[in-house]
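With chain A's structure known, arrange chains B and C on it following the hints.
Protein chains in written order, with our numbering: chain A, 8 to 804; chain B, 4 to 208; chain C, 59 to 360.
Any given hint might turn out to be false.
Across the chosen pairs, the derived CB separations fall in these ranges [as the list claims (entries may be wrong)]: (1) C:Phe95 with A:Pro167: 34 to 40 Å; (2) A:Glu209 with C:Ala281: 44 to 50 Å; (3) A:Pro447 with C:Ala281: 35 to 41 Å; (4) C:Lys207 with A:Glu229: 51 to 57 Å; (5) A:Pro65 with C:Ala321: 55 to 61 Å; (6) A:Glu209 with C:Gly193: 58 to 64 Å; (7) C:Arg322 with A:Asp324: 42 to 48 Å; (8) A:Ser512 with C:Val317: 39 to 45 Å; (9) B:Lys86 with A:Glu209: 52 to 58 Å; (10) B:Gly57 with C:Gly286: 39 to 45 Å; (11) A:Glu451 with C:Ala321: 33 to 39 Å.
It is worth saying that the hints were derived from the structure and are not from the lab.
Please read all numbers here as calculations on a predicted model, not as lab measurements.
Glycine residues also receive a C-beta, built at the ideal position from the N, C-alpha and C atoms.
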Amino acid sequence: MGGVTRTPTNLTQGSATKGGIGESTLRPDGTLKVTGEFAYSSDMWHEDMLWGYTLRSPHAHAEIRSIDTSAALAQAGVHAVLTYDDLPTEVKNYGLEIQDTPVLAHGRVRHHGEPVAIVAADHPETARRAAEKIRVDYAPLPVVHDEATATAEDAPLLHPGRDDHHAGHVPHPNVVHRQPIVRGDVEAARARADVIVSGEYEVGMQDQAFLGPESGLAVPAEDGGVDLYVATQWLHSDLRQIAPVLGLPEEKVRMTLSGVGGAFGGREDLSMQIHGCLLALRTGKPVKIVYNRFESFFGHVHRHPAKLWYEHGATRDGRITHMKCRIVLDGGAYASASPAVVGNASSLSVGPYVIDDVEIEAVALYTNNPPCGAMRGFGAVQACFAYESQMDKLAAELGMDAVELRRLNAMSQGTIMPTGQEVDSPAPVAELLRRVKALPLPPEKQWESGDTAGTSVDVRALPGGLSNTTHGEGVVRGVGYAVGIKNVGFSEGFDDYSTARVRLSVVGGEPVAMVHTAMAEVGQGGVTVHAQIARTELGVTHVTIHPADTRVGSAGSTSASRQTYVTGGAVKHTCEAVREKVLELGRAKLGTYHPAWATAELLLEGGKVVTDGGEVLAGIADVLEDEVVDIELEWRHRPTEAFDLRTGQGQGHVQYSFAAHRAVVEVDTELGLVKVIELACAQDVGKALNPQSVVGQIQGGTTQGLGLAVMEEIVVDTDGKVRNPSFTDYLIPTILDTPTIPVDVLELADPNAPYGLRGMGEAPTLSSTPAVVSAIRAATGLALRRVPVRPEHLTGT
Amino acid sequence: MRVNFRVNGRPHEADDVWEGESLLYVLRERMGLPGSKNACEQGECGSCTVRLDGVPVCACLVAAGQVEGREVVTVEGLANFAKDRAAGCAGGACGGTDLNAARQWEADPERAERADDGAVSGAGAELSTVQQAFIDAGAVQCGFCTPGLLVAADELIERNPQPSDADIREALSGNLCRCTGYEKILDAVRLAAAREESQTAGTGA
Amino acid sequence: MDFLRPAGWEEALAAKAEHPTAVPIAGGTDVMVELNFDHRRPEYLLDLNRVTELHEWEVGEENVRLGASVPYSRIIDHLRTELPGLALAGHTVGSPQIRNRGSVGGNLGAASPAGDSHPALLSAGTEVEVESVRGTRFIPVEEFFTGVKRNALAADELIKTVHIKKATGPQQFSKVGTRNAMVIAVCAFGIALHPETRTVRTGIGSAAPTPLRATAAEEFLSAALTDGGFWESGKTITPSIARQFAELASGACNPIDDVRGSARYRRHAVGIMARRTLGWTWDAYRTGGLGTRTTEGGAPCA
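The following block holds chain A by itself, in its conformation from the complex:
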């Protein structure tokens, strides 16, 4: 991973160094990935290694009366069987914010699939057979599965005796966190409204469905520590949670990022990390754990399913008067990222609109459903489906064009959010809508291919696809629009920083930079961008990306659309320090040879030290000679503050990100099947550091939103059991379900951000879903208040 990158592209303005920012340089890991040599966490292998396996609860809520592991331990080939009683220290729980998640269940399981025991054996089949022999005596308990059962007076408490920092302000112990936001005078504004629309909306439980299941290899070390190779989104957050459970100082848990097969939020929480280390330390042998797809559905948190009640009012001319909403997120059995998801859902619940008078409440529940936490869009996805559905409804009520209504009320730079925070950089919401609307519509009836023999039908272009359900019968086209707002970076006062180490030296007569961060490359292309930043800042061609590990400071999470901003910012910041050091060396060594060393603005370009007038003073290699400049620095974006627990006021967010979609769908109205024909997106990214990657992110995020709109849902029954934990029944879009995705990228710089960039990975996931549903509404005339839209909803069956 991370070989030297040389990229052959045109020069960009203002840079004499190839492969800098703004170019679509190619991925440094691309060749390894297309040859099969790139080492993902599941590819790790060690001589003499054992295979770990996790025994999981078949119940959503049960008391564990006893566990008998003797038969499993007696099986040939089994090296260890561990339960709660084997945990080595007093720290037996972990968690991102609230340490409420047991490493292994103790006395009680709170969700279907909760880990109860772990096995290490010499073959995966041996481990599975041994796990089957573990006798667990469960006594089922009543299941809390929704708001009514969670907040009933006699509801079983998921976590009795809570002492976390939300415990004091929640209305019920089964509410993880509650965030109200009030601003203006809703009742007075409501009185001015000519029309009022309200609705209750529902979002199903979406799965990240990254393709590389949870996996890793833990290798015990001679010093009593452990080396862990794993796929994660945030090495240092893992480390902080792992080390105390193992009873080891953090420096004895050495983590290296292995290849990550996608993440989308699903690797923000721990999965096999602690289990692998426990087994490795117990057996003294390397232990590999690889979840299969079934287990993966239990191995990570999902997107919070939500119920959202909204009310909007407007004057006859289309000005929105007020908004009231209540958002209930099902956090499942453990807190994970629920508190932050509540913060996002509430603070972004108004959407990208100017509404001065609001009453907002968002809560997350503890239930016996699968734990929910981070997924791309993080609370904003659920809200966006609801407020955009409301915009369609309001436009219909007013007899207005739905895009015009949105444009009329669109926020812009200077708008005050319901939290009181000013939007202080470009917010081209109306422009994004204008752009997607102005695109030509795709031709009608693309399934017809007329030839001399008459008209034939290509079912691949029709709803139902290869299943041959229609040759055009019942097919109606619809067009829909949506726009969304997402925050960038960690909010609400979190100290959101990153660290970069940059080393500049001379190799073979050429200056070579090495960039070392702990940033988790999960596919997004951060490694490509880091090399581009180093080239731009240091004027070198050769940049090596060091593997991400815990030998360098934290990079923060690869989530919240933040890595290019924050770790990119850290790389830039550190490169600037390295550059200063190079110039300092140059002045000391060569300053006497040319007056410009002392007087001019100096830059590093094309491997040389040059003046701002373009005069070359020296080669970087000549300045450095045998010296190595090696600097590690932290960098933070501007601080944020917590939202007031009563009013929701506060400078909570770092930056906002906007995208708009237009969906064109064709619906088989009789069978209720949907084909999305085109899903166009316009997005402002501030500055596209790597345009090709930017477009790839937009198209990928758009497709995940499409999945939520029409097919993706983890179905959980009222007993808390997951009914479809497989790729046979949890469906994600195939290439035949995915339309063309034209992308229009705006670059309006945010003056507060490095290079003016705007975090952009999540925004397209928001508006994609409501745009598709809006188009289905247009085709069918149905209200459609729930996603994913199922054939049953479209056919009234």
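Below, chains B and C alone, put in the same frame as chain A:
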């Protein structure tokens, strides 16, 4: 049990194979060929697609014992497989894309040939046309689906040198990708087909 | 677990007789999933890949004798004229990779109500040739399915050949899934016109514990077409006939609610598919000339 078969042109032997093991497990864990990916183990994602006697199959659904005496091609052998198939070699041209081009990217082999340098990391690797096209078109993000897609796409172009978009979509409909939204995968296959076409034309073949 | 690798058919039968619990595996597209997900741990796996005759087919005067292991991709490529319904059904199976391995014999062996080939086999008219060391049986496909994932095979029997009537008129197949590819049927419908006998046959998948024919719908339609002289005149079928056919097809269903779809939706969708596929096949019959040379009803080019 013991299993013998050829992988990427070379004989391989695996001992102590449990009878329930798949071809995928044997490749990955016993033969040191982890390029084929295990993402679902139920034939619903295509990440483990290999050629079995020339036919694209999901390696997770082939029992190890069924491969005895047969011929397997994996992503690790794809470049050589493609080289053996064609007289000429892959162009290896590559280049970045500017923002305007990236917005509405279309296969254009000439553009790629205009790119000045042509180098990528992993110097010395000789890639097949489809592998290079996946890199150039930005069809690789996390890369977990990539090996299976490459094997499937290479077989498509072998069978149908000028596939329509609908043909590409149908041929790749058994390969899930969660990162890209498939647009750049389509670009990559169009690009690979166009490059193959121009090479064939160029050599008069 | 033992892996049995018979070199030929007789050896396979002998192995199955000796180990009646042995699970036959050909394309592996069902069996391997069960192994990978720990749903099944048979004592013996009986690999049929080396039994070459199972991979062969023969087009006879009236029937196609289809080897049990012939993969769908070969049916689609080579038998779409003789077996248009099955070719269309085969095209909806899984993915290209699955179609390269999966076979009709495997579909019958698994006997899932959602098996894609079943409605096509039912509507075309099919006999399943099964054999054991004790001898050979020919089982009409209607009698082959005995329950959810249960079939009429005895423990020592293997499926050898599937005898499917060659199409003498247009055939169609439709399947509802909530994705445009790689999807298990929510429900499916197959129809075959048999002009030579003035009959229509159907098959319904995934809308009852077993695949089944909508016999009341078939009888109604066959009678209506004959009584109305439609076969001879080739005139358009009246909406009321089509509607009643669809309702009867719907009525033949006995579906359940599950994670893939509601019972109500399945009944509804089978009715829609029945009406549409009837329209496509009848149009093809009318426009193909009443001599019925065309066997694909309104054939899609995909």
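Comparing the hints with the structure gives:
As the Cβ distance of Phe95 of chain C to Pro167 of chain A is approximately 36 Å, the hint placing it in 34 to 40 Å holds. A C-beta distance of roughly 48 Å is found between Glu209 of chain A and Ala281 of chain C, which places it inside the suggested range of 44 to 50 Å. A hinted range of 35 to 41 Å for the beta carbons of Pro447 of chain A and Ala281 of chain C is inconsistent with their spacing of about 52 Å. A beta carbon spacing of about 53 Å between Lys207 of chain C and Glu229 of chain A agrees with the range 51 to 57 Å that was offered as a hint.
A C-beta distance of roughly 27 Å is found between Pro65 of chain A and Ala321 of chain C, which places it outside the suggested range of 55 to 61 Å. Judged by the Cβ atoms, the range 58 to 64 Å given for Glu209 of chain A and Gly193 of chain C holds: they are separated by roughly 59 Å. A hinted range of 42 to 48 Å for the beta carbons of Arg322 of chain C and Asp324 of chain A is consistent with their spacing of about 44 Å. Ser512 of chain A and Val317 of chain C have their C-beta atoms about 58 Å apart, which leaves the hinted 39 to 45 Å range violated.
Between Lys86 of chain B and Glu209 of chain A the beta carbon distance is about 54 Å. The supplied range of 52 to 58 Å therefore holds. Between Gly57 of chain B and Gly286 of chain C the beta carbon distance is about 52 Å. The supplied range of 39 to 45 Å is therefore violated. At roughly 35 Å, the beta-carbon separation of Glu451 of chain A and Ala321 of chain C lies within the given 33 to 39 Å, and the hint holds.
Hints 3, 5, 8 and 10, counting from the list given before, are not met by this structure.
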